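Colleague: First to last, the protein sequences are chains A and B. Counting in UniProt numbering, the first sequence runs from 1 upward without gaps. Counting in UniProt numbering, the second sequence runs from 1 upward without gaps.
To be clear, the hints were calculated from the coordinates, so they are not data collected in a lab. Treat the hints with caution; some may be incorrect.
As the list claims (entries may be wrong) - Derived Cβ-Cβ restraints for the label pairs, each shown as a range:
id: 1; chain 1: A; residue 1: 453; chain 2: B; residue 2: 231; range: 46 to 56 Å
id: 2; chain 1: A; residue 1: 231; chain 2: B; residue 2: 288; range: 48 to 58 Å
id: 3; chain 1: B; residue 1: 469; chain 2: A; residue 2: 453; range: 26 to 36 Å
id: 4; chain 1: B; residue 1: 19; chain 2: A; residue 2: 292; range: 52 to 62 Å
A quick note: this is a predicted structure, and the numbers were derived from the prediction, not measured. Note that CB positions come from ideal geometry on N, CA and C, so glycine has one too.
Here's the letter readout for the chains.
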Amino acid sequence: MDRTSSKKPALGTLYLTASHVIFVENVPETRKETWILHSEISSIEKQATTAGGCPLLIRCKNFQVLRLVVPQERDCQDVYISLLRLARPVKYEELFCFSFNPKLDKEEREQGWTLVDLREEYKRMGVPNSYWHLSDVNRDYRVCDSYPTDVYVPRSATAHIIMGSSKFRSRRRFPALSYYCKDTNASICRSSQPLSGFSARCLEDEQMLQAIRRANPGSDFMYVVDTRPKLNAMANRAAGKGYENEDNYANIKFQFIGIENIHVMRSSLQKMLEVCELRSPSMSDFLWGLENSGWLKHIKAILDAGVFIAKAVAEEGTSILVHCSDGWDRTAQVCSVASLLLDPYYRTLKGFMVLIEKDWISFGHKFHHRYGHLDGDPKEISPVIDQFLECVWQLTEQFPCAFEFNERFLVHMQHHIYSCQFGTFLCNNQKERRELRIQERTHSLWAHLWKNRADYLNPLFRADHSQARGTLRPPTSPCNFMYKFWSGMYNRFERGMQPRQSVTDYLMAVKEETQQLEEELQVLEERLEKIHKIPLSYKPGKREPSAPQSKRPGLSASTPSVGNPAADSSGLLKSSPSLSRSQGDDDSALILTQENLKSSDPDLSANSDQESGVEDLSCRSPSGGECLPSEDSGKDPDPDEAVFLTA
Amino acid sequence: MEFSELIRTGRAEALLLPGPGQSPVRGTLCITSHHLLLSAGHGSPSDLWLLLRNVDAVEKRAAGNSGTITLKCKDLNVLQLEIEGLEETLDIAGSIEALSSLESVTTSYPFFYRPQSLKLGDAEDLHPPDHFYQQVALETNGWRLSTVNRDFYVCASYPTALVVPRGIGDEVLARSARFRQGGRFPVLCYYHSINGTVMLRSSQPLQGANRRRCAEDEELLKAALAQGGGRGLVLDTRSAQAVKQARITGGGTEAKAAYPGWKRLHRPLERGRPLQDSFVRLVEACTDPSLSMDRWLSRLDGCRWLTHVKEALTTACLAAQGMDREGVCILVHGAEGTDATLLVTSLTQLILDPKCRTLRGFQSLLEREWIQAGHPFQQRCAHSAYAQGRPKHEAPIFLLFLDCVWQLSRQFPLSLEFGEGMLLALFEHAYASPFGTFLCNSEKERYLCEVKTKTHSLWSSLNQSKERKRLCNPIYSPNPLALWPSVEPQSLQLWAGLFLRWTRPPEPAQEAWEQLWKIVTEKEVADPL
Chain A
1 MDRTSSKKPA LGTLYLTASH VIFVENVPET RKETWILHSE ISSIEKQATT
51 AGGCPLLIRC KNFQVLRLVV PQERDCQDVY ISLLRLARPV KYEELFCFSF
101 NPKLDKEERE QGWTLVDLRE EYKRMGVPNS YWHLSDVNRD YRVCDSYPTD
151 VYVPRSATAH IIMGSSKFRS RRRFPALSYY CKDTNASICR SSQPLSGFSA
201 RCLEDEQMLQ AIRRANPGSD FMYVVDTRPK LNAMANRAAG KGYENEDNYA
251 NIKFQFIGIE NIHVMRSSLQ KMLEVCELRS PSMSDFLWGL ENSGWLKHIK
301 AILDAGVFIA KAVAEEGTSI LVHCSDGWDR TAQVCSVASL LLDPYYRTLK
351 GFMVLIEKDW ISFGHKFHHR YGHLDGDPKE ISPVIDQFLE CVWQLTEQFP
401 CAFEFNERFL VHMQHHIYSC QFGTFLCNNQ KERRELRIQE RTHSLWAHLW
451 KNRADYLNPL FRADHSQARG TLRPPTSPCN FMYKFWSGMY NRFERGMQPR
501 QSVTDYLMAV KEETQQLEEE LQVLEERLEK IHKIPLSYKP GKREPSAPQS
551 KRPGLSASTP SVGNPAADSS GLLKSSPSLS RSQGDDDSAL ILTQENLKSS
601 DPDLSANSDQ ESGVEDLSCR SPSGGECLPS EDSGKDPDPD EAVFLTA
Chain B
1 MEFSELIRTG RAEALLLPGP GQSPVRGTLC ITSHHLLLSA GHGSPSDLWL
51 LLRNVDAVEK RAAGNSGTIT LKCKDLNVLQ LEIEGLEETL DIAGSIEALS
101 SLESVTTSYP FFYRPQSLKL GDAEDLHPPD HFYQQVALET NGWRLSTVNR
151 DFYVCASYPT ALVVPRGIGD EVLARSARFR QGGRFPVLCY YHSINGTVML
201 RSSQPLQGAN RRRCAEDEEL LKAALAQGGG RGLVLDTRSA QAVKQARITG
251 GGTEAKAAYP GWKRLHRPLE RGRPLQDSFV RLVEACTDPS LSMDRWLSRL
301 DGCRWLTHVK EALTTACLAA QGMDREGVCI LVHGAEGTDA TLLVTSLTQL
351 ILDPKCRTLR GFQSLLEREW IQAGHPFQQR CAHSAYAQGR PKHEAPIFLL
401 FLDCVWQLSR QFPLSLEFGE GMLLALFEHA YASPFGTFLC NSEKERYLCE
451 VKTKTHSLWS SLNQSKERKR LCNPIYSPNP LALWPSVEPQ SLQLWAGLFL
501 RWTRPPEPAQ EAWEQLWKIV TEKEVADPL
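In isolation and in its complexed conformation, chain B is listed as follows (with noise of 0.2 Å):
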């Protein structure tokens, strides 16, 4: 596929209307195959560098001899365009919308993306696959990295390598597999070393109207019980009702009777369709120039974004109990497993260990529990809150996680190592970014696409040291303890760092985190031992 059949239009004079506390920019509108250039020459710093992959929705309005595009952007940016010309306003419209919705990986930025101060495959060591079940060795003999999937024969959404119980054969995992929805057996995602709990998430068993068992499977679960001490507590990320449901089409849960020594418990999260439904009534919201005091919090709550954040981290702060306090193996599951599962493990991660609040471990948390675990990235960010037409498989479930750690950070400004920046920026890249990093759905896609070693990694270019003072929270001191965040309403804010980015002045904002900057690199500078 050629990309210049797509661009009708190359070149267009036009000015960008300013956003708040900026000026606009006149200047040559530039559409390539991957980006939109607006320059006012000699490469002034007002220049507009836009990754077409970033437009959500492209608005045309004409007007005489001109044309209005409106872009609204994935990173919930909306930029305003006027250009000249009738002919060059469709045509621009048109080319940036067919080029903003190439559904092909391949094809994508991330391969043609070469930064000069990165080399391809550098980020391979950072995350090895087999770096979560070293840890895990060094703590306990109990379980066991098997390589069953690596072909991806067996779980296409999981990764080549997986930690099972040490007890436990490939081919009895090979059976449980085929007893859970996509293939997605139980695996071990963290080991609580304080008192050997472990926490597990698999997919939902195939239960089925007529409650069928699996001798493979119950197996498994019992040696998993075995290692973690004995009590286990099954946590459905779906009601009780759903579950019911969901055996009529052959899926279900644990039955108490085959599965002795796990309790069950039910904690309905929301997901899927009305998720991104939540997220797209929340931007409007924010951004509705016409609402009103008196309105705008029910309108806030009328979105049920804050109480999706609160059932989350609920959730996440049940399941870190239960390992923290009362001692028991925890397995989470819905339905696939592949999004509010990988919500509750990975908070309950960040709650419980303080390694996962470190700029690596957080990197490490996401590799592992969001990319190598098969959250189908490519289907859920495909489009951001602006798109119009109905939502296929979009989701906002990581947002949604990003936006609870947020809170977390909130609550305990000190105690993790990365700042707003952080999250911001892993937002963006999740939705349209030139790295490969979330490219894809699963890890076999990944494999298909090459993308390890034809893409660059979104790890390599965070940790570089230029980006320190953007993503790093200059006043974080290790904290060895959990963190429990509060969920009351009066605890919880909406994030405006991110829904209120581009309607605020930015600022008061700016200029208080450089201030927290300051005061702390003074003091290194003052005392330099």
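Chain A extracted, bound-state conformation (with noise of 0.2 Å):
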């Protein structure tokens, strides 16, 4: 088998597991593995057989492009076959996450579950007070399929109110509260679209809508925010769905904010991914082919709304009630980004896996379909959590000190989205989960990163920053600069497209060694006072035998002074040669490993231009040993920088 990867082919073997594909370099010294989760394919293409053998390009749904050159036409028909039905598994039971075992017992396992726990968030944004409250409504799923059990609703909302309101609404997924600002009383409340058709209304609908305002006293009217573009909107009303006419609710301010559907986005994401795979593209190519797949504009939309949604919940202290069509896609992504603006607890790592559980997780938010866990409709498919992760990542570049995690994370999160190694993202409802009993067979994707969460913090991050606290406010006009293309998440197997040394992974290591010293320095204090506390057997000149053990002999002997109270610790660490032997062994164990990737090709044409100083600081596997081999392979050194054109 042969691997061509965009710059240099490699050689190398390639095997088909039950759960992986997996191809092992021909080089003997690194024998460099790449892994691919069958669940991880996004498509396989078998092009017209050449000279040298037959290739076949196998796409990921993280962005890693695989193209080998299989020598036997045969073979390659029997991959090709193979990888066609492994890819596309018709039964949950055929996932991963069915078969990983990561080794923790069935304990941990059920700790692992609890780590995210939506009631105690509801408990964080003050509710239930004396206007909201738990419903137990749903209770067996009776009323909305797709929503949790546990929904929040205004205390004045009656049962009656409630049903009569879901009957009014697609998929019966009636107004329930998303969250709550403490601080102005408002909200935000997510449904679906109501069945108005063109002229249909319903009272308790408007009743429910009622409810919702008077639960914030401090405003006289509420938003009502329709996500989709108006066009749309409009041609729902047609099959008898639509929009709230202001005239028939009391007190709403209605508004459309033009985000696209699901159809759109997916093929954006294509258009974009395609500027991705161009082969040394022009700056036009580049720029031209970004801005036509439309891409940044659609992420700038749904940011957009956020922020719109943000400033009426924190500045005006008015409650909103989001809804597109049937509530779980535009709608997910938009109270998304607002809470995340809104809140700091959200832009912290458990703070995040919160948000994801409750805007998106337990709200029914189609993981199954829109990501094609399963064989299924291709027309279901679509980033639209990406999107989302897309939108934090923008906010992370605009406030770079705002978020307690780091880019990897966000990256491996998506890549978890589609993997199915955990069954955190499985199914498309609560209810499904329930009914596969998901979290006794399966492991939770949160308590694997809240485990491996060293690896995802960001140490610029500051709790106590003014970015921090209280409400993000990015830049309005003119902001379309502050829209990035990632080539962290779309072109992340590219590795020489990215920045060759990781400030972020420079920064831990510094902050690590920093932590060890105060530790360090701590001790030391501690067997000062210690030393100070045995005053009578101490006497001037003579070594103190009752000192408390020490683990470098040389502390005491460079005490000499120990009588002197005003013998600080720094003096202390300066004077004791022992100790600074210790610090430098510290320091070695942390000194970044220069990857000297000279070669000795000196052949110009070959593109050997691997000696950049690359500093791979990262010891550390980024994400939990042998759970997520494709990344980790991903970190090793990769010399095929070449970039430019030869001569």
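Hints are included, so try docking the two chains, each in its own frame, into the full complex.
Modeller: So this is what it looks like as structure tokens:
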């Protein structure tokens, strides 16, 4: 087998296993491995046979592209047929998460599923309170099968009102609380579109909105935001659906936002990925292609909607009801962006998991359909949550100190949304997950990410920072420039295109070292204190035999002035030769391994410019060892950085 | 000339309208010979001290009994002042216009600026003219220091001390100079100590339509090749077509037959008017509030600026790769050899030579490859992106260089000792500065104006310890390897810190920088050893 990456071909062997495609290079020293989960494969393409063999193109959902050349046509056909089947599982049981075993005992696994607790989360927001309560109306999914059992609604909304309202909404997704702002009492509620057609009304639905508005006594009106383009919403009226008529609902302000539907987004991503795959594009090819894909325009539309809602809630103190058509794609995007802007908690590592659990998993975002976990309708597939993750990334670029997590966290989360290695994102809603007993049979991604949280921290984050406190306010106009192409996501397997040195890893190493030094200092100070506390046995000039057990005998030798309370510990540090040696050891442990990738091949045309000063700082595995081999193998210093034309 | 003749009104009441994230300042506006001062009184920190040389364009608008002046600065800042009194507005605008466009070098502010913390001439030893030669001499005996240009007679734009092949006498240099535009004969600009290859630069040979040759010029390049390993590559920064046209007006390039061992490669780089236009269009696009997201990227592309960045970096990589991998000597020139040529030679050194990536080393590189090498700063940086009217000699080639360095620093964030603050400072000072470092077009002019004895050096100001936090990269860790940047479009970004500096709120980036320093300083505190 032959793998031709875009730069440098490598010979190797391809293995197909029950769960992975594995490519092992023939280079004896490294035997670099590329692991790909079957569920990550998005398409397989067999191209016309050439003299060298039969080319096979494997595109992955995490934007990796594998170009293989199989010498034998028949082998290639076999691999192709096998992969076609393996990449399209039809039963949940075929997914990797049901066989994945990270060697945790039952208790640990169960604890993993309790890490994110939404009742706790609503409590943190200040709910239940005198206006909002936890309703049991959806017990056993009686009202809405794509909603969770726990639904928070205004206290004044009776079961009768909720039932009535749900009958007037697409798929019975009635207005329910997504976010509550303690400071202003304003809330963000979400639902699906009303079945208003051209003239239909529903008294209970009108009462439901009244109840939401009254739950915020500080404001005498509320916004109703339809995240669709106006034209789409109007077209829905012909099908008996549509949007709220301002005349029928008391004191609402109605607003369209204009985010395109899943089909537009799917084709936009497709166009952008085609641009990413161009071989040596010019600046114009790239910029025009990116603009024509419309991708960044869509990202901006989603963020703008979030900014609008955050502003209404934080500055105007006005409650908002958000919906789109079914209220599980655009609504989820917009509600979660708004929450992220409003509440610093969601910008922490834990808070971000809670946010995804709240606005995406529990409210029935159709992970199975959107990300093609099982073989299904390709028209249902769309990068909805990818867009949300990109919105977050764009914000982290704008506000480098405001987020506790780093880019790697977002990238790994994207990976696992598709990988089906964990049960967290399985199925389309809570009801399906309960029926499949996901929590008993699979592991939680949150526990896995939490365990490895050290890899996902942003060293620049400061909880007490002005950016982190309160609402984030991205600049409004002109702000086109703030939207950048996310090459760390869409070109993440083209290592040569990424910055060759990681500030994050460097700073984390520095911080770790600082912490170690401070701990050492503390130990020394404690010991110094103990020494002071033994005045009776102390005699000047004589070594203290009863000094605490010392790992570094040099310390007591270097403290003849122990009787002097003014002796400061930093002086001790300086005067202790044994200590300095030990610190030297610490240093060497952290010294950045300089990867000298000097090539022996002086040929210019071989593009062997791998001498770039790559300092691979991450001795840690980024994502928990064997669980994520494809990501890990990506961490290997990749020497094919050749990027410019040869003479 | 008396400045007072140009100051029609020295004082007025004015209001400075706030930029993003700032508050307005109301106070007394004062015009002095070199500054505009707006003070709210009591020396408040929000006082505005604007060097008039920094003003690129003045726009005035009258409304009733008051007026608004918009000052568009060379550092791309835009200031709006509301001034009481119509006559005052017009007078002040007129005064600023006159004072900001003074041509005379010796009446410029650097000749009056006397900061207390610095001494005149204290930077003289920082970058001595023979410093580069001393470095080369440590490695090889093949080159010598020539003073053939000691009175700027052979070449008006070269410095007095030049490094040439040891076997080549001054009379050969003088004859070669006559065969090169502006007398810029080939000189050594970088010695790659890893394999002994060299980089030279010059201007175009005066080949002309009848393809003249010059034996001494050929001898000079032959000797250079002999020192550097035998194979050479002439990197012409113009297209083959442009060279053809240059021949008609007496220019040209090295004929293969005349220079055995030298191959030739054309890598057209933009310069002059088109580059200035590109800069102007980019600044317009970055400040256009009516631009929608649909059209932002095509507008960005239409500016061509990032294409120029990509081309410059690609060409420099090519030169560096040739030297480092193929072991060939490189001669870089375009036409005059004072613009794109210097862009390529300086970037190549930054890629290959770790010494250029320190704070001092970078200053030394700028001093040698830009200032002493005769980049005409005064002409190229007379106006920035806002100036009205047809540009004469303006071109942001130095800014393009700084942008390329910024791209390098983004891809190798640990490998440069200086940070974005340094690059921004250099941009500002190249266009308007209280220091003499970027004054004039050549060493000869600087000598005649006595710049070095009558003005302060930017370097001594930047090297003060109080500037460290602004200019230095806290996470620098020396990297002995070459830095091969990616030049894929996905890897190159718009330099937001410069082009969007005044349109986006500055706090987030500032906080990130402070946090970076804090983390590193905390470690230093915890680890006193």
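Colleague: Give a verdict on every hint.
Modeller: Verification of the hints:
1. 453(A) <-> 231(B): 46 to 56 Å: holds, 55 Å
2. 231(A) <-> 288(B): 48 to 58 Å: With Cβ atoms ~28 Å apart, the hint is violated.
3. 469(B) <-> 453(A): 26 to 36 Å: Given about 31 Å between the Cβ atoms, the range holds.
4. 19(B) <-> 292(A): 52 to 62 Å: violated, 34 Å
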